[in-house]
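**Student:** Below are the chains, spelled out letter by letter.
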Amino acid sequence: MTAPNSTDAGRELDAIDFTALFAAQIHDLKNLLFLLLNSLDETLKNCHTCSGTDDEGPSNLTLLKYNGQLINDKLIQMLSLFRFAQGPYVIDIAYRPVEELIEEVVAEAKPLLGARSIAASSDVETGLCWFFDRDLAAGVLNNAIHNALRCARSKIRLSAFAENGFLAIRVEDDGDGFPQEILENGGSMKSLDLSGGKTGLGLYFSSVCARLHTNKDNTGRIQLDNGGSLGGAVFTLFLP
Amino acid sequence: MNAENFLARAPSAGGEPTNFQEKTFLVVDDVVSMRSSLRNTISTLGGTRIDMAGNGIEAINRLEQRVYDIILCDYDLGGGKDGQQLLEEAKRRKLIKNSTIFMMVTAERSYEKVVSVAELAPDDYLIKPFAGEVLRLRLELLTRKKAYFAPVFALMDSQHYRRAIQVCDEMLKYPNQYKIDLMRLKAETCLLLGDYGIASELYQQILAIREIPWARMGLAKAMYHQNNFSAAADIFKQVTESTPNYMEAYDWLAKSYSAAGDEQAAQQALMAAAEKSPRMLARRKTLGEIAYRNDDLETAQDSYEAVLEFGKNSALTSPEDYANLSRVFIDQGKCDQAMTVMKDARRTFKNSPESLLHGAVMDSLAYQKSGNTEAAEEALKKALEHFEACDNKQGSVSMDIARSCFQLGDEETGKKVVQDFIQNNHADKKIHLHAENMFKKIGMHDKGKEIISNSSREVIALNNQAVRMAQAGDLRGSVDLLMQAVAKFQENTVIVLNAVHAILTYMQTHGWHEELGKSAKEYLTTAKNQDPDNQKYLMLSELYKEVAQRYGVRL
Chain Z
1 MTAPNSTDAG RELDAIDFTA LFAAQIHDLK NLLFLLLNSL DETLKNCHTC SGTDDEGPSN
61 LTLLKYNGQL INDKLIQMLS LFRFAQGPYV IDIAYRPVEE LIEEVVAEAK PLLGARSIAA
121 SSDVETGLCW FFDRDLAAGV LNNAIHNALR CARSKIRLSA FAENGFLAIR VEDDGDGFPQ
181 EILENGGSMK SLDLSGGKTG LGLYFSSVCA RLHTNKDNTG RIQLDNGGSL GGAVFTLFLP
Chain F
1 MNAENFLARA PSAGGEPTNF QEKTFLVVDD VVSMRSSLRN TISTLGGTRI DMAGNGIEAI
61 NRLEQRVYDI ILCDYDLGGG KDGQQLLEEA KRRKLIKNST IFMMVTAERS YEKVVSVAEL
121 APDDYLIKPF AGEVLRLRLE LLTRKKAYFA PVFALMDSQH YRRAIQVCDE MLKYPNQYKI
181 DLMRLKAETC LLLGDYGIAS ELYQQILAIR EIPWARMGLA KAMYHQNNFS AAADIFKQVT
241 ESTPNYMEAY DWLAKSYSAA GDEQAAQQAL MAAAEKSPRM LARRKTLGEI AYRNDDLETA
301 QDSYEAVLEF GKNSALTSPE DYANLSRVFI DQGKCDQAMT VMKDARRTFK NSPESLLHGA
361 VMDSLAYQKS GNTEAAEEAL KKALEHFEAC DNKQGSVSMD IARSCFQLGD EETGKKVVQD
421 FIQNNHADKK IHLHAENMFK KIGMHDKGKE IISNSSREVI ALNNQAVRMA QAGDLRGSVD
481 LLMQAVAKFQ ENTVIVLNAV HAILTYMQTH GWHEELGKSA KEYLTTAKNQ DPDNQKYLML
541 SELYKEVAQR YGVRL
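The listed protein sequences derive, respectively, from chains Z and F.
Number 11 in the working numbering belongs to position 11 of the first sequence; there are no gaps in the numbering.
Number 143 in the working numbering belongs to position 143 of the second sequence; there are no gaps in the numbering.
What the hints contain is simulated information worked out from the structure, not anything from laboratory work.
Note that the coordinates shown come from a computational prediction; the quantities given were computed from them, not determined experimentally.
Some hints here could point you the wrong way.
[Unchecked claim] Subject to a maximum C-alpha distance of 25 angstroms in a straight line, what follows is the list of computed SDA-like cross-link-like pairs (lysine to any residue):
1) K216(Z) <-> T18(F)
2) K45(Z) <-> F130(F)
3) K237(F) <-> Q86(Z)
4) K146(F) <-> A94(Z)
5) K110(Z) <-> N19(F)
6) K45(Z) <-> R49(F)
7) K45(Z) <-> N19(F)
8) K30(Z) <-> T373(F)
9) K45(Z) <-> L182(F)
10) K30(Z) <-> L137(F)
11) K145(F) <-> A160(Z)
12) K110(Z) <-> E211(F)
13) K110(Z) <-> L182(F)
14) K179(F) <-> A168(Z)
15) K216(Z) <-> E16(F)
16) K216(Z) <-> E241(F)
17) K91(F) <-> A94(Z)
[Said to hold, decoys possible] Computed beta-carbon distance windows for the label pairs:
18) P179(Z) <-> I57(F): 53 to 63 angstroms
19) R210(F) <-> D225(Z): 43 to 53 angstroms
20) M78(Z) <-> R279(F): 47 to 57 angstroms
21) Y174(F) <-> R211(Z): 44 to 54 angstroms
Each residue gets a CB set at the ideal place from its N, CA and C atoms; glycine is no exception.
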């Protein structure tokens, strides 16, 4: 795209700070998405009331919801990375029960699980509390769950436990597992391929969020494996 | 209350589901569609008693009429107040109970960054878009958390701080998810009561577990209160660098620099904060004062103008704020502007006595500056009449009156006004600086210094004598002396509180004394009216309760 620099409009456009503009627009988009998803929920509720059943509603509506969530994932990732880059970014660390976090991301994913007939199970050590940034952790887990939903055949599993001074939160599915190049480069700058269709933004975002968590000499990270208890992809978030 | 009760109350992940039908909700958002969307979400949880407000003013009106259980408030409320300012006003005016859940709603995290580190933080925040289920989970967690902390907050509300600390200790005996919150609450209460050593220890314990900005801040506050200003300043500086949005850190940094005598550095710290968060009125006001003392009239003007501009329609400004700006204009020789500002003040405050007083005295200074002595004298005469009738002679008005008197040749009245002002605030460094600065401005630097030190001499001597008597073991003599001092310097909060302290110390060893107990109580009320946030007042009213309890005196 070439800007018509010789015209007034061109000069005006040159003066626009596009990074700031995009950030502000993403902000507005999130507001709009909130309205959209809420009226979708309303519609789904009306469907239940009309049909008198308790299923998850017409699958096309639920699919709409799933795609809405994916859009939100992307917006969160872009906006967050933008803010990180603007720096200095200070995470909002607090001591919380891990169970609460897992409960929340599962609740968020519930309609999507139902629509795809995928069963989710979770296994969290009772009373396990940790220091972490709730929003960043939820952003990472939502992204992992949405990835798992896309690949799972019938099951996904969340688990959380403490290990060697780290909190580990794991999302597993029973799909085909991560492709080899993602296993090797997922989450690194190398995985960011802006020219291709899939950018790998989600995993990169997750890795940055993990690394923003530090405690004394330890730094957070993500780990990708295949196999695990369900035989598919295994995503693990480690927080110090 | 015993520990088992707390254990029983300790939340588990399950717990009773909250019945939202019984709860009253207030939704605050400037966008109509957003309001109705939030209403829908609440109704999917079963909530029915839902009120709406489209801006901060409407929200305050609602809060004045009704007590809400749950408030969902968008951070961004269009023009006027934002969600954080609404929360602060509502809390300050006690329109929100401790049991009320205040949930901030925002589309973006960077807003929240400002919010979560604020001293008056919301109970929680939600980032849009969010699912109704998530709102339900959050509200249930918060309801349980509020219930868990209710006994502590009830004690704090009734100012039984020592008991509140004991209850925190009980609760801390058992492992629970609120361990860090409890330690924080206990540490903050210790700071309030002047137990700085315990507070430091707690913050250090927390920091050993995890580096958290508020714990680092707490540690530095304890240092500040122990007069370790430069060490405190180093830490506050460190916090502003590692957590640039932690606005409170800038205020404390400035306070520490000021206390250490470095007013230039204090001004720099506040200017950095004002740039990041221009709408904080109290900070801008402090910046104006410091800049004025530093003779940086341009910054002082900017700051005071911002106070008036952002404070418009907020009931947060006073005639004094107008006088502050007017004073800067006078020093700059802009006499017309100085008088226009005071005209505004009288109009805004509908000729309230305070606005007439400030108006008259600033007018007299402006007339003097422009050479109209006759009009200046006329205005000063009016000002003195208002001043005579005024109960609360705190603040800068005394210095303005004195300045006008000295400049118009009425040294006697000027001296008297300064004397009273200093006598009533003999221990307040800032007020001494303010007075010194005023004398410097009118070319009476040396003579002014003498007046200031003469004014505080008597009160300091009385106070020191009382301290010496107490140290020598004559507690009763110390009490009598300080009670005489109170009779003479009734408006001096420090003296009033020292008298309370002496009485309580005496009664601790000699038993309860009906008359003295009554005086102590009266003095406490006086001090509370003069300076409700005085830390020593809080500490002494706790001590009063303890002493009374020890001797079985019912209050």
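**Student:** Now tell me, hint by hint, if it's right for this structure.
**Tutor:** Here is what the structure says about each hint:
no.	hint	verdict
1	K216(Z) <-> T18(F)	violated, 40 angstroms
2	K45(Z) <-> F130(F)	holds, 16 angstroms
3	K237(F) <-> Q86(Z)	holds, 21 angstroms
4	K146(F) <-> A94(Z)	holds, 17 angstroms
5	K110(Z) <-> N19(F)	holds, 22 angstroms
6	K45(Z) <-> R49(F)	holds, 20 angstroms
7	K45(Z) <-> N19(F)	holds, 20 angstroms
8	K30(Z) <-> T373(F)	violated, 64 angstroms
9	K45(Z) <-> L182(F)	violated, 41 angstroms
10	K30(Z) <-> L137(F)	holds, 21 angstroms
11	K145(F) <-> A160(Z)	holds, 23 angstroms
12	K110(Z) <-> E211(F)	violated, 35 angstroms
13	K110(Z) <-> L182(F)	violated, 34 angstroms
14	K179(F) <-> A168(Z)	holds, 22 angstroms
15	K216(Z) <-> E16(F)	violated, 39 angstroms
16	K216(Z) <-> E241(F)	holds, 18 angstroms
17	K91(F) <-> A94(Z)	holds, 23 angstroms
18	P179(Z) <-> I57(F): 53 to 63 angstroms	holds, 57 angstroms
19	R210(F) <-> D225(Z): 43 to 53 angstroms	violated, 29 angstroms
20	M78(Z) <-> R279(F): 47 to 57 angstroms	violated, 28 angstroms
21	Y174(F) <-> R211(Z): 44 to 54 angstroms	violated, 35 angstroms
Checked against the numbered hints listed earlier, the structure breaks hints 1, 8, 9, 12, 13, 15, 19, 20 and 21; every other hint is satisfied.
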